[in-house]
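Visitor: Assemble the whole structure, with the sequences as input and the hints as a guide.
Sequences listed follow chains E and Y, in order.
If you use full-length UniProt numbering, the first sequence corresponds to residues 1 to 190, in order.
If you use full-length UniProt numbering, the second sequence corresponds to residues 1 to 190, in order.
One or more hints might be untrue.
Identical copies look the same in the list; a pair holds intra-copy or inter-copy alike.
[Said to hold, decoys possible] List time: in silico EDC-like cross-link candidates among lysine to aspartate or glutamate, alpha-carbon distance up to 20 angstroms:
(1) Lys51 / Glu117
(2) Lys180 / Asp140
(3) Lys122 / Asp112
(4) Lys122 / Glu160
(5) Lys51 / Glu113
(6) Lys103 / Glu22
(7) Lys122 / Glu27
Note that these hints are calculated values from the structure, not bench results.
Each chain, letter by letter, is given below.
Protein chains: 2
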Amino acid sequence: MARWQPDARERLEKAALELFTEQGFAETTVPQITARAGLTTRTYFRHFADKREVLFAGEDEYPAKVARMVAEAPPDLTPMALIAHGLHTMATTAFEGQRARLKARQAVVQSDEGLRERELRKLSAMWEAIAEGFQTRGFDNLTATVAARIAVTAFNVAIERWLAAPDDQPLTGFVDETLKSLRAITAEPL
Amino acid sequence: MARWQPDARERLEKAALELFTEQGFAETTVPQITARAGLTTRTYFRHFADKREVLFAGEDEYPAKVARMVAEAPPDLTPMALIAHGLHTMATTAFEGQRARLKARQAVVQSDEGLRERELRKLSAMWEAIAEGFQTRGFDNLTATVAARIAVTAFNVAIERWLAAPDDQPLTGFVDETLKSLRAITAEPL
Numbered sequence: 001m002a003r004w005q006p007d008a009r010e011r012l013e014k015a016a017l018e019l020f021t022e023q024g025f026a027e028t029t030v031p032q033i034t035a036r037a038g039l040t041t042r043t044y045f046r047h048f049a050d051k052r053e054v055l056f057a058g059e060d061e062y063p064a065k066v067a068r069m070v071a072e073a074p075p076d077l078t079p080m081a082l083i084a085h086g087l088h089t090m091a092t093t094a095f096e097g098q099r100a101r102l103k104a105r106q107a108v109v110q111s112d113e114g115l116r117e118r119e120l121r122k123l124s125a126m127w128e129a130i131a132e133g134f135q136t137r138g139f140d141n142l143t144a145t146v147a148a149r150i151a152v153t154a155f156n157v158a159i160e161r162w163l164a165a166p167d168d169q170p171l172t173g174f175v176d177e178t179l180k181s182l183r184a185i186t187a188e189p190l
Numbered sequence: 001m002a003r004w005q006p007d008a009r010e011r012l013e014k015a016a017l018e019l020f021t022e023q024g025f026a027e028t029t030v031p032q033i034t035a036r037a038g039l040t041t042r043t044y045f046r047h048f049a050d051k052r053e054v055l056f057a058g059e060d061e062y063p064a065k066v067a068r069m070v071a072e073a074p075p076d077l078t079p080m081a082l083i084a085h086g087l088h089t090m091a092t093t094a095f096e097g098q099r100a101r102l103k104a105r106q107a108v109v110q111s112d113e114g115l116r117e118r119e120l121r122k123l124s125a126m127w128e129a130i131a132e133g134f135q136t137r138g139f140d141n142l143t144a145t146v147a148a149r150i151a152v153t154a155f156n157v158a159i160e161r162w163l164a165a166p167d168d169q170p171l172t173g174f175v176d177e178t179l180k181s182l183r184a185i186t187a188e189p190l
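Guide: So, in structure tokens, the structure goes:
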């Protein structure tokens with residue numbers, strides 16, 4: 001009966017986001033999601049631990065991927081250059097072209113306190129992974145920690161501004177303006 | 001029977017932290033907390049919505065307090081000077097002298113995923129409030145947002161390093177070294 005569904009994960013994600021948007025996260029059940037996707041609840045739970053996790057699909061792999069990217073970047077880059085370079089790569093490879101879906105997802109996440117908390121956990125997983133990447137490059141713990149927080153914070157601000165903008169402009173532009181603002185603020189006298 | 005207990009809140013917080021530390025967060029019940037504090041569960045729920053919230057007591061007032069502090073600071077301060085000044089004030093008025101309690105609390109929070117997520121929500125409430133404070137001072141949205149994130153991130157890193165240090169050194173020293181590192185990293189060429 002259960003045929004192999006190579007795109008099951010994507011179909012479940014799409015169906016879930018549609019239903020969460022149409023009728024609310026709390027009001028949506030896993031059986032409703034699987035019905036819309038034309039799949040079984042058994043298939044659902046093979047891919048996602050619970051109803052919430054369908055909104056955070058694939059994000060478990062991000063931190064390790066980003067940590068590796070930091071660790072393996074050209075050795076002569078300053079932390080700041082590496083951050084700028086890394087955020088541009090992230091923006092173009094994983095975000096550009098998906099603004100509509102990410103906006104819909106953001107609206108769902110913002111609608112529920114538990115989802116907002118879960119979303120924040122991503123930040124913390126990311127900055128821990130990036131700090132590890134910087135430590136692998138030989139930076140001391142403080143520099144690695146601060147550089148990682150700068151990277152995650154700047155990207156987070158850039159994404160928020162990108163999603164809030166009236167039309168779809170390149171995310172890289174928002175990354176640049178955020179880093180520029182960060183550099184201007186921190187350069188001011190104490 | 002139920003006498004007025006002016007220190008009920010503090011007693012519940014103390015009893016809860018002791019029990020969470022001794023036997024674990026998941027294994028502790030509200031009746032156990034109230035028994036140790038010599039109070040009723042009714043009193044408990046007058047102060048805290050659930051078992052989790054006893055670890056986050058009083059923190060709801062922080063964001064508004066900090067936003068007001070930012071908005072009302074001397075007008076000639078740069079955002080960076082205001083951040084440094086504000087973090088010093090926070091450190092000395094609300095943190096110094098409480099390292100042992102905060103270390104115990106941190107261990108409990110780290111032990112439970114739900115608590116870790118709840119803890120992160122504090123960060124987001126703080127940076128939103130601080131951004132509002134900066135906007136009240138007339139800064140544009142981007143500067144206000146970035147300055148607020150810098151403040152919260154730097155304080156968060158400083159507290160982590162303060163709690164992880166082998167002995168009790170002033171938190172203000174960790175604030176200064178974190179801001180110094182932040183300024184050094186962001187000043188480097190891209």
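Visitor: All the hints need checking, so say for each whether the structure fits it.
Guide: Hint by hint, here is what the structure shows:
Taking the shortest alpha-carbon separations for Lys51 and Glu117, both the intra-copy value of 15 angstroms and the inter-copy value of 17 angstroms come in at or below 20 angstroms. Taking CA atoms no more than 20 angstroms apart as the test, Lys180 paired with Asp140 passes between copies only; the shortest distance there is 14 angstroms, against 25 angstroms inside one copy. Taking CA atoms no more than 20 angstroms apart as the test, Lys122 paired with Asp112 passes in both settings, with 16 angstroms inside one copy and 16 angstroms between copies. In this assembly of identical chains, Lys122 and Glu160 lie within 20 angstroms of each other by CA distance both inside one copy and across copies; the values are 15 angstroms within and 18 angstroms between.
Proximity of Lys51 to Glu113 under the C-alpha cut-off of 20 angstroms is found in both arrangements, the shortest distances being 14 angstroms within a copy and 17 angstroms between copies. Taking the closest pair of Cα atoms, Lys103 and Glu22 come within 20 angstroms of each other only inside a single copy of the chain (14 angstroms); across copies the shortest separation is 44 angstroms, beyond that limit. Neither within a single protomer nor between protomers do Lys122 and Glu27 lie at most 20 angstroms apart by alpha-carbon distance, with minima of 24 angstroms and 27 angstroms respectively.
The structure is inconsistent with hint 7 alone, although it conforms to all the rest.
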